[in-house]
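Protein chains in written order, with this note's numbering: chain A, 16 to 437; chain B, 24 to 303.
A portion of the hints provided could be inaccurate.
Cβ pair distances, simulated, as ranges [claimed, not checked]:
| id | chain 1 | residue 1 | chain 2 | residue 2 | range |
| --- | --- | --- | --- | --- | --- |
| 1 | A | K410 | B | P152 | 27 to 37 Å |
| 2 | A | A64 | B | T119 | 39 to 49 Å |
| 3 | B | E97 | A | Q322 | 14 to 24 Å |
| 4 | A | R276 | B | F85 | 21 to 31 Å |
| 5 | B | E97 | A | P224 | 11 to 21 Å |
Hint data in this document are derived by calculation from the structure and do not stem from the laboratory. Note that the Cβ used here is the ideal one computed from N, Cα and C, for glycine as well.
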Amino acid sequence: MTLRLNLAGAVSGLAVLCTGVAAQAEVLFWSTQARPVEEAQAMRENVLAGFADGVDYQPNEEGPWLTRLQAEIQAGSGSIGVLGALEGNFAAIDPETLVDLDELGVKSTSDTYNSLAMLGTDSMQFLPWMQASYIMAANKEALQYLPEGADIDALTYDQLIEWAANVHEGVGQPKFGFPAGPKGLKHRFFQGYLYPSFTNGVVRTFASPEAVTAWQKFLELWEHTNPASTNFSFMQEQLLSGDAWIVFDHTSRLAQAFNDRPDDFVAFPAPAGPTGRGFMPVLAGIAIPSTAPDMDAAKELVKYLMQPETQIATLRATNFFPVVEAELPDDMPPSVKAAGAAVAKMSASPDANPGMLPSGLGEKSGDFSRIYVDTFERIVLAGQPIEQVLEDQKKQLMAIMEETGAPCWAPDAPSDGACPVE
Amino acid sequence: MTATDTLPEAAAAPRKAGQYVYAASVALLCAWVIVPLYLLLINTLSSPETVNSFPKSFIPEFDLGSLQFFAGFEGMLVALKNSVVVAAMTMVLSITIGAPAGYALSRFDFRGKELFRLLILLTRAFPLPLLALPLAVLFIRTGLDDTAFGLALVHTTLAIPFAVLITFSLFSGIPVELEEAAWTLGCTRYTAFTKVVLPLILPGITASAIFAFVISWNEVFAAAVLTIENRTLTAFLLQTLGEAPLHLKFAGGFILVVPALIFIFAVRKYLFAMWGIANR
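Extracted from the complex, chain B is given alone in its bound form (with noise of 0.2 Å):
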């Protein structure tokens, strides 16, 4: 700090160094993130000879056959359905669940408060091989078994955590005193929260929503226990794709990874917003 200050001449070839490990840096963050998801969608548009031949070709030659084995497949666009329906549920239950419970975990001391932070973090301790089979049973008693609803109750439980601790820490960020100004000014409780803090933390709202979504969307064991009928898409590809020929694996992938970057592109704004960059 005092360097920059005192020396400013000395201190321009360091920027420029830095402002080239910077640019290198977002480079290499954006090539993680697009390359194989670019190779997943060559992959995708080849003939199988293509995809098991080497070296590969960086222009995709817009071979169908893969993807129309797909739109033939059976049940796909149900499961899809399914896969939509549930991570929606999903989404709004961990956020009216979540949310408040993160608004008192920052606005009020109680006893026990660290115990249940730690606590709220143990639904993701049992690993879900394990849970399945007495949700299982316990669902086919009570008749949420093969419901969306029912799977979207569990993906919830996994969603929580997050939900708590990503509002947690949001609502710790807007100061307190802005609420007590809205109070002295006529609000209720109830009416600061909605005119003052909620549009605050809509954005970080948002975001948890998409944590829940990637969450559910992702899930495999559960819906393949819980779900017969009523499969996700994720159930209903995954399980057949570990043996699939390389050629639909990479289709298959692309076609479940599609809808969640679509999801992801339409919201992104909120995603950004929470991390304070400019709304563009």
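Chain A with its partners taken away, still in its complex shape (with noise of 0.2 Å):
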């Protein structure tokens, strides 16, 4: 009985407590980036707290965020004043729902990111709000046994599975970790890498000659991957605990690792194959839907997170970069140095090539990216024949490149309507 008094106590303590605390008048900032408590912390402190009126930031997994736009926006009104998500997510949305946003006059420093985010019609979208890559880090033990004459900063994917096996064989176990857990991001790493480093393409070459020497080499790598990859989907946990070594990741996933132990690890470029050094960007986008309650202090957020101080203050929280020009200045967390110096020296490298988001495939992107994440399955984890597994997905590429009709994106030639898949 004493509990019980004392549970109600406790209780209507936390009442009075909750009082002080009212909602008022803010705008709503509904977000699928920046999820992590961490950066959602940093994003309320850091990053909103200099916005005059106020910003209630809410993050979400992207089911909510979307059933609840998707409501407001059928109701015909709603609460959401600004909308923060991936440049794949507003792909899913109907461009007509969202505002457009030329009359802002801000914009981001890159012409493709812009044209992306007219998502096919002749006005903005979304803005660019900030972006992202992929690339590898390593445990400074894993050093000791990188092969002969490689160098770090140039590997090629040969060296790579040489070097994952010589840890393989120095320490007795398979020390390369692969985000392909259930929320891993591997099928970036499949768009992005594999496929542009191998075929110089993605859609085009899906099932060619050189993609089945891409999986090949893929497998061989996969027989020196920690077999519990399949469990990871952020790498900068296993960096920490050490059940991996070299890793693969996105950029702002592998953070903790370097901000937590800046000594310990390095960063540098993906691998190169025989079409060059592929790799991919990620764009995170903001957007206000036609049902925000307040589009006057909606638009002021918006054109408050394109400010070079906001962005820099972003890339502080989220470990995502500025898409509009800022000068980074010199303090800024080891996360973001060797990130950062990852990516230019990978952008900078002779044998580059740069891989542009999917684009055009609009609410069918999770599917295209489901192809590539069930050919991986089928061929690494169930141990299928390769070519008969990419002679049976081709036939569902075909089919969502066809039913979208989008053209070919780099590095795939450019097509005269949908892309085809030779």
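Using the hints, put the two chains back together into the complex; each one sits in its own frame.
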């Protein structure tokens, strides 16, 4: 009984505490980015606190994010002021429901990003907000196993496999880590790194003989990959725990390792294959839904987020880099320095083969990525013959390309109409 | 049965073995529940380095860093309050709607009774992500959107099958003769219910209220879509925890578990009473 009294006391005490924090008319920033607790906290305290009207920053998983947005649009009224999401999330939304942002007069410095942001219309549907990429990182203990003559900043896939094999032999355990877990971003490795590096394409060359080679190479690498990789989604965790010594992942998913123990890890560019050093950017954008309750405040917030100072604060908070001209100060966190240097080396390398984000797929972009994940699971995890799997998956890929009519994007050669699977 | 009756001395050994099996199962069941909670506690009270290292120590080092992070996390207390409010409303609503339905199912014969029992379970057959969109549209139009009451309605729908089926079996366990006896002694149908049946069934009702509480406490998707300012703790924390560093995952999980544990601990005697264990 006394316990219940105590409990009641505690609850009412909490209730009293809570009443002090009443909701006010802030702009609701509905985002799928900067979701991990620490990033969300940094967004609130260090990035958005400077906005005069106040911002209610609410990070969400993609399911609730999209459902809530669709509900508000269908109902014709809502509370979301500003949307933040990846380019692919916006591609899945009807551009009609987003406010045209041309009149704000702010843009990113990249024309490619700006044209992606039009979502196939004539005006900006979202604004490029911040960018990142995928890089490699390694525990310094692994460096002693680097193959002879290999330059860590200019590795090839063969050297990477040899390196992983050396570590495997030296330590007795496979120490390559790959984010193949349920929340891991493995499909981006295939779309933006493996395929461009071996086939100089993503869609056209999906089932080409070069693609077969690419998968064979990946199978070789997989032999030296920690088999628990199918549970890994954030390689910073395995770097820190020592389960993996050489890893591939999104820059912001490696950040914690560099920030916690900056002296223990190195970041370096993705490896190169026969057709160059394939790599892919990640682009996040901000938009305003047509149902925003306070349109002026929402537009002010978008402008605020595009200011160079805000972009640098965002970089500190999320490890996503600015998309506007912004001078980086010297006191950036270790993760930003390491990732920034690796991305710069990657894009400046003589054999760089940058790929674009898949575009024009609209709501099919999820299915598109699914094809690469399924191919991986069938070839690598289920051990099915490569040629047959590629032939099977090719049909589905063709169906998606024909249905969406999406033209080819780099590094695939341009196409008239839907990008063909050759 | 016959063997133990006729050969008491030969049965002693198996009985002793049976005791060991019994003790072992009890220990196993306790460990099943306690060990994960204990590991959660240890990792919550550990520094990030310890959380990432292996092997783990079984003694917490009382590093409060992870918990302190959440102490400064904006909106936690409001979310906790909302969770409690929504869970309490869900409890009340699911009992006031579910218990009469359970009573009707056990005491009256009507056409379509079996079908009704089946249909009640159907509310659990549709995944919430499917229902959330039309619900959210409806809620926005009717003004229920972003209110604790609206969310409690959704959670009640999820909790009602349990409330109905639990109270149904409880009412069925109370002989109708007891009620009839009360009627002959001057009770009306209503007073017979309140004076005779209700005291007998109270522990069971509490148990189904606990189910309702736990269901509401754990639900994420509807809470994430249907509330914005008035987020529940689960919606508020769980979505951001999935991608958080390990030590914060543990601390956040701990924060989510503790209030539910306190609640269940506070009402445990009703739960035990339903299972026929003496009230200690």
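Tested hints:
At about 29 Å, the beta-carbon gap between A/K410 and B/P152 stays in the expected band of 27 to 37 Å. At about 44 Å, the beta-carbon gap between A/A64 and B/T119 stays in the expected band of 39 to 49 Å. A hinted range of 14 to 24 Å holds for the C-beta pair B/E97 and A/Q322, which are about 23 Å apart. The hinted range of 21 to 31 Å is satisfied by A/R276 and B/F85, whose Cβ atoms lie roughly 23 Å apart.
Distance hint check for B/E97 and A/P224: the Cβ-Cβ separation is about 55 Å, which falls outside the suggested range of 11 to 21 Å.
Consistency note: the structure conflicts with earlier hint 5 alone.
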